[in-house]
Amino acid sequence: MKSQDTSDRFEELEAGRILGDLIPSEVQDWKILSANPGNQADLSLELVAAALDAEFLANEDTVLPEELLKKLHNGISEFVNAEPENAVIVRPARWQGLLASSKAAWSIAALFAILFIAKSFVEKTSVDPESLMATAPEKASSSEARKTLISKAGDLIQSEFGGTENYNQMSGTVVWSDALQEGYMSLTNLPANDPGAKQYQLWIVDPGRDEKPVDGGVFDISANDGTAIIPIRNPLMVTNPQAFVITLEQSGGVVVSKQEIVVALAKTS
Amino acid sequence: MILLRVAQGDERAMEQCITKFGPLVWSIAKRHVQDHSALEDIVQETFTDLWKSAKRYNPAIATESTFVGLLARRRAIDFARKENRRPQFEPLPDADSLPHASIESSAALRCESKDVRAALKELPKETQQIFFLHFDEGMTHPEIVEKTGLPLGTVKTRLRRGLIDLRNKFRRLDSGQSPSNP
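Protein chains in written order, with the numbering used here: chain A, 1 to 269; chain B, 1001 to 1182.
Keep in mind the hints are simulated off the structure, nothing from the lab.
Check each hint, because a few of them may be wrong.
[What the hints assert, rightly or not] FRET-style restraints, in silico, Cβ to Cβ:
| # | chain 1 | residue 1 | chain 2 | residue 2 | range |
| --- | --- | --- | --- | --- | --- |
| 1 | A | I150 | B | P1059 | 28 to 34 Å |
| 2 | B | D1010 | A | E66 | 23 to 29 Å |
| 3 | A | V254 | B | N1168 | 42 to 48 Å |
| 4 | A | H73 | B | D1035 | 21 to 27 Å |
| 5 | A | H73 | B | K1055 | 55 to 61 Å |
| 6 | A | Q250 | B | D1136 | 37 to 43 Å |
| 7 | B | R1117 | A | V63 | 39 to 45 Å |
| 8 | A | G208 | B | P1059 | 45 to 51 Å |
| 9 | A | G196 | B | E1011 | 46 to 52 Å |
[Stated by the list, open to error] Below, a list of computed lysine-lysine pairs in the DSSO-like style, where the Cα atoms sit at most 30 Å apart:
| # | chain 1 | residue 1 | chain 2 | residue 2 |
| --- | --- | --- | --- | --- |
| 10 | A | K198 | A | K152 |
| 11 | B | K1055 | B | K1114 |
| 12 | B | K1114 | B | K1020 |
| 13 | B | K1052 | B | K1030 |
| 14 | B | K1055 | A | K71 |
| 15 | A | K258 | B | K1052 |
| 16 | B | K1020 | B | K1055 |
| 17 | A | K198 | A | K71 |
| 18 | B | K1114 | B | K1030 |
| 19 | B | K1020 | B | K1052 |
| 20 | A | K258 | A | K71 |
| 21 | B | K1121 | B | K1147 |
| 22 | B | K1125 | B | K1030 |
| 23 | A | K31 | B | K1030 |
| 24 | B | K1055 | A | K70 |
| 25 | B | K1114 | B | K1147 |
| 26 | A | K258 | B | K1114 |
| 27 | A | K71 | B | K1052 |
| 28 | A | K70 | A | K152 |
| 29 | B | K1114 | B | K1125 |
| 30 | A | K71 | B | K1147 |
| 31 | B | K1147 | B | K1030 |
| 32 | B | K1030 | B | K1055 |
| 33 | A | K31 | A | K152 |
| 34 | B | K1121 | B | K1030 |
| 35 | A | K258 | A | K70 |
| 36 | B | K1030 | A | K70 |
| 37 | B | K1030 | B | K1020 |
| 38 | A | K71 | B | K1020 |
| 39 | B | K1125 | B | K1147 |
| 40 | B | K1121 | B | K1020 |
Cβ atoms here follow ideal geometry from the backbone N, Cα and C, with glycine treated the same way.
Working from the sequences, and respecting the hints, build out all of it.
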C-alpha cells in the first residue's frame, strides 16, 4: 500500500475509532497502522466530534438531577480544599507507595513477593479478534461466568489476594482479562459486612490509564458466603492493571477512596 | 473564560463551570450510556478531569464547550466500550492509545459554533442528514439504518468521511480560507 493510501486508511479508521464503529478486522488494521510513526493520531478528529456534540447538545433543555448537582458541588469543594497538600484524593503515587511500602501495615509485601513468584501468573498473548466480540452470558452465575472467562480468555491475568493486618485470615484470587474487560474475585474468610453501614469496594490500579485507581465496584459479604465469587464492575476501561485493592468504605462506596481501611491487595506485577 | 480561572484553582469558577457545562456533560454521557448511576459517575469523573486538566486548556485552539465536550465524550465512550460488547461492533482500542487531552497538538483546531453549522452545510446533503441523525438526534448506526434504509456500511463510511471532511474544512477556516476551497 502506498504511503498516501496508508495514511488515508489510518485516518478513516481513526474516524471510526472516534465514532465507535470499528469492526474486529479494522481494529487489527488500526493497531498495525497506528504503530507506524507516520500515523500518529492527533486530536483534530476528536475535537470535531466534540464540537458537534457541543453544538447540538449545548442548547438542549437539560437539567442536572438535583442530587447529582449537590454531589458535584460537595465533591468539588472537597478536592479543591484537599489538593494537593492533604492528598485526600488517591493519587497513583500514593497507591504505588502503598503497594511498595515496607512498613508494618504492608508487611504482606514480602508475602506477595513469594505469592507472586509461586502462584501469580500473567499470560499476555495476541488477542483473537473473535474473542474480543464475545459477550459473557448475562444470566450465568458469577461462578459459571468466572469459569467461562478462565477458559476463553487468551490474556488472562491471575493473582492472589493477601489480607492486611486485620484481615490476614482472608484469602482469594482475582482473574482478569484486558481484552474482555471482565474479571472476578474469589474471596474466602472475608468478614461479613453490614451493607447499611459499610461496604467493600474494589479498586484497580492502572497507572497507564489514569492518575486515579479505577472503581471496580462495591460488594457485600454475608456470613454464609463461604467462598464468594464477586464480578468486577469497572465503569472505565482497564488496560494494564498493576494491582487490585479492596477497601472498606461507607455504604454505597466512594468516588475517591481515602484508604482508611485497606482490606486486601493483589499485585499483578 | 471560566476554564482559565479554574486552571488557577478558583473554586467559585469550578462551581460556575458545573452550572454552565453540567447539562452538556450529562447530555453527552446520556448519548452513550443508559445506566443512571453510571451516568452520574461519568459526570463526576468528567468534572474531576476538568479540574485536573484545566491548566492544559488553550483558548486559541478549542472553545470551552468543545474542551469540556471532549473530556465528557472520552469518559462516556470509555464506559460504553466496556458495556457495549455488541456483536456487530468491536470495543474500541485501548484508552491509553488516545492522544493526551492537553489540546496542545498543532493539528488541533478551533471549532466555533457558527463554523460548525457552516461547515456542516458544505457536506453533501445525504451526509448532512446522517450527521443530524447521529449528532443531533442521537441515533445509533443501526437506528440510522432503520430510519434511512441505507446499508450499515454506507452509514459508517459517510460518517467517517464526513468527520474527516469537516476537520479539513475547519483547518481551512483556521488558515483563513473559505471552507469550500479545496
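Is it true that the CA of B/K1125 sits at most 30 Å from the CA of B/K1147? holds (16 Å)
Between B/K1055 and A/K71, is the straight-line Cα distance small enough, at 30 Å or below? holds (24 Å)
Hinted pair B/K1020 and B/K1052, Cα distance within 30 Å: holds (18 Å)
Given the hint that A/K258 pairs with B/K1052, test it: the Cα-Cα distance must not exceed 30 Å. Holds. A/K258 to B/K1052 sits at ~18 Å (cutoff 30 Å).
Could you grab the alpha-carbon distance between B/K1030 and B/K1055 and see if it respects the 30 Å cut-off? Measuring from Cα to Cα gives roughly 27 Å; hence the hint holds.
Decide if the proposed pair is consistent with the structure: B/K1121 and B/K1147, CA atoms, cutoff 30 Å inclusive. Given pair B/K1121, B/K1147 holds - Cα atoms ~21 Å apart, limit 30 Å.
Are A/G196 and B/E1011 spaced within 46 to 52 Å by their CB atoms? Given range 46 to 52 Å: violated, Cβ gap about 33 Å.
Between B/K1030 and A/K70, is the straight-line Cα distance small enough, at 30 Å or below? Since the Cα atoms of B/K1030 and A/K70 sit roughly 19 Å apart, the hinted pair holds (cutoff 30 Å).
A/K31 and A/K152: Cα distance at most 30 Å? OK: A/K31 and A/K152 at ~22 Å, within 30 Å.
Is B/K1114 within 30 Å of B/K1125, Cα to Cα? Distance ~18 Å between B/K1114 and B/K1125 Cα, so the pair holds.
Below or equal to 30 Å on CA atoms is what counts here, so check B/K1114 against B/K1020. holds (19 Å)
Sort out whether B/K1030 lies within 30 Å of B/K1114, counting only the CA atoms. holds (25 Å)
Violated hints, in rising order: 1, 5, 7, 8, 9, 10, 26, 28, 30; the structure is consistent with all others.
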